[in-house]
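Turn these sequences into a full structure, and let the hints steer you where they fit.
There are 4 protein chains.
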Amino acid sequence: MTAHKNIAVLLLTCPDQPGLVSRIADFVFKNGGNILDLDEHADPYEKEFALRLAWDYSDFTIEKEDIASEFAKLAQTLKAQWRIQFREPPLRLAVFVSRYQHCLLELLWRYSLNEFPAEISVIISNHKDSEKIAEQYQIPFYHYPIDAKIKDTQEKKELELLKDHQIDTIVLARYMQILSKRFTEAYPNQIINIHHSFLPAFAGADPYRKAHQRGVKIIGATSHYVTADLDEGPIIEQDITRISHKDSVEDLIRKGRDLERLVFARAIRLHCEHRVLVRGNKTLVFE
Amino acid sequence: MTAHKNIAVLLLTCPDQPGLVSRIADFVFKNGGNILDLDEHADPYEKEFALRLAWDYSDFTIEKEDIASEFAKLAQTLKAQWRIQFREPPLRLAVFVSRYQHCLLELLWRYSLNEFPAEISVIISNHKDSEKIAEQYQIPFYHYPIDAKIKDTQEKKELELLKDHQIDTIVLARYMQILSKRFTEAYPNQIINIHHSFLPAFAGADPYRKAHQRGVKIIGATSHYVTADLDEGPIIEQDITRISHKDSVEDLIRKGRDLERLVFARAIRLHCEHRVLVRGNKTLVFE
Amino acid sequence: MTAHKNIAVLLLTCPDQPGLVSRIADFVFKNGGNILDLDEHADPYEKEFALRLAWDYSDFTIEKEDIASEFAKLAQTLKAQWRIQFREPPLRLAVFVSRYQHCLLELLWRYSLNEFPAEISVIISNHKDSEKIAEQYQIPFYHYPIDAKIKDTQEKKELELLKDHQIDTIVLARYMQILSKRFTEAYPNQIINIHHSFLPAFAGADPYRKAHQRGVKIIGATSHYVTADLDEGPIIEQDITRISHKDSVEDLIRKGRDLERLVFARAIRLHCEHRVLVRGNKTLVFE
Amino acid sequence: MTAHKNIAVLLLTCPDQPGLVSRIADFVFKNGGNILDLDEHADPYEKEFALRLAWDYSDFTIEKEDIASEFAKLAQTLKAQWRIQFREPPLRLAVFVSRYQHCLLELLWRYSLNEFPAEISVIISNHKDSEKIAEQYQIPFYHYPIDAKIKDTQEKKELELLKDHQIDTIVLARYMQILSKRFTEAYPNQIINIHHSFLPAFAGADPYRKAHQRGVKIIGATSHYVTADLDEGPIIEQDITRISHKDSVEDLIRKGRDLERLVFARAIRLHCEHRVLVRGNKTLVFE
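Residue numbers (the numbering used here), protein chains in the order written: chain H, 2 to 288; chain S, 2 to 288; chain X, 2 to 288; chain R, 2 to 288.
There could be a bad hint or two in this list.
If chains are identical, the list can't say which one is meant, so a pair holds when it fits in one copy or spans any two.
As the list claims (entries may be wrong) - When the alpha-carbon atoms are kept at most 35 Å apart in a straight line, the in silico DSBU-like pairs for lysine-lysine are as follows:
(1) Lys158 / Lys247
(2) Lys157 / Lys182
(3) Lys157 / Lys247
(4) Lys80 / Lys65
(5) Lys150 / Lys74
By construction, these hints were calculated from the structure, which means they are not laboratory data.
Structure below.
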């Protein structure tokens with residue numbers, strides 16, 4: 002997409018008013034930045050303005066560590082919610098996985114091809130199955146078995162580990178444990194799940210069986226941010242595939258795997274490129 | 002698809018056992034029929050056999066009106082549920098419509114191109130808006146305004162009208178009234194609805210608004226047989242289209258119209274070609 | 002999409018350099034405009050910048066008729082190719098049609114629902130078949146039969162007619178005559194065709210038959226600007242549908258009709274909303 | 002799809018005539034077979050009949066090794082082209098690969114999940130890159146460097162190796178060498194290639210660059226049997242994905258990889274389940 006190295010990304014929403022693009026673009030231009038990509042949207046019904054702006058800050062007259070505080074002055078006058086992020090250093094990811102490995106493998110394969118700008122810093126699992134794969138990719142692997150009794154203790158250890166590894170984002174690659182509220186609230190809009198249905202249809206357990214029972218003609222997969230409400234968080238990406246009455250539940254599982262892998266990978270890429278802005282329970286995705 | 006005129010179609014399900022295809026094909030062959038299309042499926046889990054068989058009965062040694070009773074003897078030994086239908090005369094359709102005309106217009110356009118083997122015998126509406134269109138296509142139009150007080154009386158009149166016109170199948174082209182249980186049970190698996198969501202997501206009223214609120218990345222449309230449970234009947238066909246955060250509810254309505262038209266038309270075509278077999282609350286669609 | 006009435010749209014390309022967005026946005030802001038939509042793209046390989054900017058000019062301090070000449074000063078310093086267009090008055094369209102009416106009917110139906118901001122000013126055909134439809138929609142209809150001998154004379158008359166009706170854009174709704182070079186050059190990037198294949202596959206005559214012969218598993222439709230080279234102009238929109246060996250050429254024609262209608266309608270909408278920028282033989286489509 | 006172990010599959014074409022299904026089904030039934038899946042198609046234009054029939058031969062009264070010769074008697078009276086294949090032992094595959102590994106890795110991953118009924122017996126490459134991967138999966142790896150001078154000699158060695166390993170089917174997982182006529186004719190309809198375009202568009206080298214230059218809005222991938230004419234063989238499977246003007250050639254390569262993997266895997270699965278019947282330069286795919 003780009004050969005630029007020093008990329009800053011601003012994601013911002015605020016009440017709509019004239020001159021917003023001009024004033025924000027000016028902040029970048031006047032300080033020596035070069036705009037690489039600007040996408041904005043003004044919702045004419047809710048009078049809300051949203052913007053994603055990526056710029057090259059190689060010749061910026063503001064020091065990298067001061068950019069946010071400088072921009073804050075402008076943001077305040079706009080009553081904006083915003084964040085500025087940098088491509089370097091890349092986001093640090095922790096992958097949680099249980100027994101199914103297809104999402105993990107897909108991720109590692111794309112990682113090895115540099116398909117998304119992030120570093121997979123650690124793999125965490127409640128099973129030992131993926132230890133060897135982690136080893137092949139030379140990524141630290143941690144095994145935290147979970148059952149009802151020890152769940153609380155284990156989660157605490159996991160949270161500490163995440164802190165130690167300075168993890169920015171957690172991706173749940175078909176991780177079959179429900180995270181506690183404490184856990185999800187520690188990483189707001191920073192935990193990405195892949196659910197094997199076209200949400201909001203077939204939330205909860207066993208969606209392929211439910212889809213088979215209902216006799217739908219299309220199945221889907223959904224990647225979303227995790228909130229305290231299971232499968233109810235902001236949706237990042239979805240996709241579907243056609244099925245027929247000839248498909249058994251096992252066929253749905255097989256066909257669904259391909260969906261899960263692609264949808265999960267696309268969501269992670271969008272997140273790591275700072276293209277996703279959460280407002281309320283919805284996302285704005287700047288593609 | 003075919004130049005054949007005298008087409009009979011058998012749709013059948015029964016417990017699986019060896020020799021089913023052979024015995025059924027033999028019934029057709031031995032009596033002088035020519036098989037045009039045979040599709041079958043044996044569910045290895047539920048041990049259920051399902052089959053669609055179309056044949057040319059031009060040289061059949063059994064009279065058309067006796068075919069069903071003759072086949073019944075074989076069917077009994079198989080413990081089969083089945084029906085035999087003929088392409089001629091085509092099914093007689095009644096179209097119910099309210100204010101939105103896109104599904105009606107789509108249907109009439111395809112009808113004028115002979116895209117599906119049926120006769121649109123009558124158009125019924127609770128509004129007068131479509132009277133002129135009906136006139137253009139020289140199809141009888143009946144206006145039955147509905148409100149809570151007169152609904153019962155009006156439905157009775159409609160049912161009588163349907164009987165008078167010897168209607169086989171009712172298609173609800175965005176008809177905004179809920180049919181009574183008496184009505185739906187009078188035409189089991191013979192009433193086709195188009196719902197403007199990807200069922201089971203967003204059943205009930207205002208699905209585009211709900212989809213917008215939930216922030217899904219894909220919207221859909223579903224055509225299904227109408228049962229006493231609103232939006233819960235067997236699904237015949239579904240399709241989807243991608244949306245983004247830039248789409249307002251009005252955009253979803255516009256994009257959804259295209260989906261509704263296509264999905265509804267495909268479902269009606271499948272039904273009229275006798276390609277849909279209902280088992281429980283699911284359909285088997287032999288494409 | 003918007004309730005705004007006074008919308009101006011700038012489409013621009015120029016060599017990339019720092020400050021472009023800021024300077025262009027400033028032009029709008031400083032003169033009292035309100036940016037509704039801005040999308041830009043800087044190609045890091047070809048060092049080319051492209052932008053679409055829509056703004057509300059209700060309170061603009063520059064008179065509408067002077068906007069272009071004022072902007073020209075800035076554009077010159079940027080070495081830009083550009084145009085500014087207004088939503089009001091809408092583009093004036095001429096529809097050319099031959100015998101197949103599905104694209105014409107689709108267009109008229111969407112027109113009656115105000116799906117695209119344009120006025121269909123005239124329908125022109127080499128056959129009389131569509132005269133009645135034109136009448137229903139109260140659109141002037143002109144019949145210009147074409148054969149090799151009179152083609153040249155007829156085209157001249159058509160060009161005059163287009164001039165009289167102040168036509169901006171010509172849409173070829175399955176018009177089966179090849180336009181002369183003189184004709185296509187009179188309306189550069191203002192003639193939109195629908196070709197019934199996935200270009201560049203199966204250019205020229207009879208694409209469904211060719212697709213059937215080649216045994217492809219997917220067919221498509223392509224809407225493009227017409228240039229002197231048949232089926233070689235800049236592509237605006239494409240879409241596809243799956244087929245199987247069971248589909249005859251007639252089935253492809255039927256399935257293809259649905260594609261043609263949708264792709265053609267989408268291309269016209271994109272064009273009329275001034276979302277299409279032509280560079281060389283390619284389009285940039287700002288969706 | 003099925004728990005059956007002893008599956009025989011008949012693929013057959015012949016001139017259409019009455020009684021074909023019945024007579025063929027009878028062969029299976031009378032000899033104690035249980036039909037699992039039957040799909041047939043009679044082309045009303047070319048008067049050609051085609052059929053795929055899968056049956057369980059556990060209780061067959063004909064010995065497995067005599068089935069073909071017994072069926073040949075019936076086939077002769079039908080003037081049929083046909084073959085009978087068995088699920089056990091599975092087809093033996095040789096994978097050819099060059100530098101790009103995504104198709105190889107996808108195949109190996111699906112192989113490890115038993116997604117298709119085949120045995121990957123050997124991996125052959127003109128580079129050493131994939132040696133380690135082969136080792137991980139414990140599959141013999143052979144390195145045959147190719148250049149113009151030694152190509153002939155190397156191909157001979159490869160053909161011998163394939164013979165030694167009793168290879169049934171060769172799959173070219175982005176193998177960047179053109180096979181000689183001698184080679185392709187040694188394995189008619191048994192060599193499967195993945196081409197990174199929507200054939201017949203962009204045949205030959207560098208299809209993503211060509212697609213980028215032409216400005217198409219959709220790219221594709223095609224899996225086909227290899228014949229002496231490069232990229233002209235019978236198409237097994239195709240799929241597509243949308244692109245925009247913002248996508249560079251590198252983006253097309255990245256997006257295309259996902260297509261290639263899926264299309265290639267689906268084609269191989271269809272082939273290994275004996276669902277593909279070649280007639281002339283086209284395939285009939287019984288899904």
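Quick rundown of the hints versus the structure:
{"no.": "1", "hint": "Lys158 / Lys247", "result": "neither (46 Å within a copy, 41 Å between copies)"}
{"no.": "2", "hint": "Lys157 / Lys182", "result": "within (12 Å within a copy, 55 Å between copies)"}
{"no.": "3", "hint": "Lys157 / Lys247", "result": "neither (46 Å within a copy, 40 Å between copies)"}
{"no.": "4", "hint": "Lys80 / Lys65", "result": "both (23 Å within a copy, 32 Å between copies)"}
{"no.": "5", "hint": "Lys150 / Lys74", "result": "neither (49 Å within a copy, 63 Å between copies)"}
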